[in-house]
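Q: Sequence:
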Amino acid sequence: MGDSTVTALESTALSSSSMGSRGGDRLRPRLLVRLVPLAVLRKIRAWMVVLPVDGLLLLAPLLWDRSQWKAMVVMTGLSLLLLTGGGRYRARLHLSVLDELPTLGSRLLTAAAVVATVIALRHEQAAVTTFLVNVASSIGLVVAGRLVTTRLISWSRRWQLTSHRVVVIGGGPLALELMQVVRANSRYGLRVAGFVDDGEDPVAEQEAPRLGKLVDLDSAVVRTQADVLLIADGEFAERDLLDIVRTPACLPCDLLVVPRLHYFHTQTGMADHIESIPIMRIRTPSLRGPARLIKRLFDVVVAGTLLLVVAPVLLACMLAVRIEGGPGVIFRQPRVGRDGIVFDCLKLRSMRPASEQEAGTTWSIADDPRVGPVGRVLRRTSLDELPQLWNILRGEMTLVGPRPERPHFVDQFSQEYDRYAHRHRVQAGLTGLAQVSGLRGDVSIAKRARCDNYYIENWTLWLDIKILIRTVSEVIFAKGR
10 MGDSTVTALE STALSSSSMG SRGGDRLRPR LLVRLVPLAV LRKIRAWMVV LPVDGLLLLA
70 PLLWDRSQWK AMVVMTGLSL LLLTGGGRYR ARLHLSVLDE LPTLGSRLLT AAAVVATVIA
130 LRHEQAAVTT FLVNVASSIG LVVAGRLVTT RLISWSRRWQ LTSHRVVVIG GGPLALELMQ
190 VVRANSRYGL RVAGFVDDGE DPVAEQEAPR LGKLVDLDSA VVRTQADVLL IADGEFAERD
250 LLDIVRTPAC LPCDLLVVPR LHYFHTQTGM ADHIESIPIM RIRTPSLRGP ARLIKRLFDV
310 VVAGTLLLVV APVLLACMLA VRIEGGPGVI FRQPRVGRDG IVFDCLKLRS MRPASEQEAG
370 TTWSIADDPR VGPVGRVLRR TSLDELPQLW NILRGEMTLV GPRPERPHFV DQFSQEYDRY
430 AHRHRVQAGL TGLAQVSGLR GDVSIAKRAR CDNYYIENWT LWLDIKILIR TVSEVIFAKG
490 R
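For what it's worth, this note's numbering labels the leading residue of the sequence shown as 10, then goes sequentially.
There could be a bad hint or two in this list.
[As the list claims (entries may be wrong)] Dumping the calculated DSS-like pairs for lysine-lysine here, alpha-carbon to alpha-carbon at most 27 Å:
no., residue 1, residue 2
1, 356, 475
2, 475, 456
3, 356, 456
Hints listed in this document are in silico derivations from the structure and should not be mistaken for laboratory results. All of these numbers come straight from a predicted model, not from anything done at the bench.
All chains should be built: construct the whole structure from the sequences, respecting the hints.
A: Structure below.
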């Protein structure tokens, strides 16, 4: 479920009633628990198993042919990047290697085609042939490896080593049907903890306990320690649903939705299904698992390279600031980052020194009289933000994300604007979708928050790259503040 392969092992899942009748079979999960600490098992995720297995199998041809090791390493890295972006390391409800094969094969072949093209431009045909033979071996091994890892996930679900607690939203006939299917089929890796519904006499009470009304969802999640929300009722107002599933208690949960008029849906393009009922998996917007790792690696490589490249420019800017305003060229200001954590955001000083109170509570506007000639150039070209590359290397910021704001204004805007606080689900960014969309400076906070939340919930590595390209364009043509 989500990125997870193995979550908390429940003592009830290890009872003899769920282990079957054979003594040897009953001992296997218990033996696993004895061999591996429970705390370790709880932290294992699907991508932690499948991704390294894929990587090793893609590199396996190097065991008998090392002549093209560089090409194989590049092809492996590109393949894992494409598979991660396509969500191929997220365990599905309905496990099937055949269902995954078209996407898996197309992404592996795409990576191979890119590398093969480079080889063809620089080497003879024989080198291309050798590479393609190695690629064919790699792809065959990866498919075989997927058969094994899929079987492993299926086994863990069968023995309830994977057990995701589910709170169902809705208590009608569809919710009842889903609960019955999930209870009868452990292969989905779900266990219904209860449901919430606003009706008077929901039929789902035949199958699971009612945990309250929709407004009680967050407390129900905390009480049952659920990690999955399944929306099985289309009668709730979308606004109410959106507000409740984005509360702090519900935000970490994976969100599954049965689409309205689901009987008219085909499986084409659907993320998953439970028996014949299509299920849409709503992206978890917290950049967990391999996505967060890839984003962090991208940040470190790009920020580190940029810091080396722009070092002369940064030194020249610091000298200009020193000449114009005296000592203290680096300005440190408390800003709010991921999960509300406050950090010191670094900037080149672009305006006259201010008191700590003024700096923390005064809103910057266009043509601010505190900004000198040098500061005006720095702000217009965004060069005053360059020291934040160091914030990125320290892990306090990311290249692309919602721009960090001062604690005073975060408190104010969180009360005044709907879902403003949801921006802090991810790290603050050096640049962001709102900034390249013209929403910077003294503009609508509501529009900026809406744009930031859209970025969070639709993140891809390519989206980051596009935003960076647009940022460079804005800096070059001085479209900044």
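Q: For the pair supplied as a hint, residue 356 and residue 475, confirm whether the alpha-carbon distance does not exceed 27 Å.
A: At roughly 24 Å apart (the allowed maximum being 27 Å), residue 475 and residue 356 satisfy the hint.
Q: Does the structure keep residue 475 and residue 456 at a Cα separation of 27 Å or less?
A: holds, 20 Å
Q: Are residue 356 and residue 456 close enough, with their CA atoms no more than 27 Å apart?
A: Satisfied, since the Cα-Cα distance of roughly 25 Å is no more than 27 Å.
The structure shown violates none of the earlier numbered hints.
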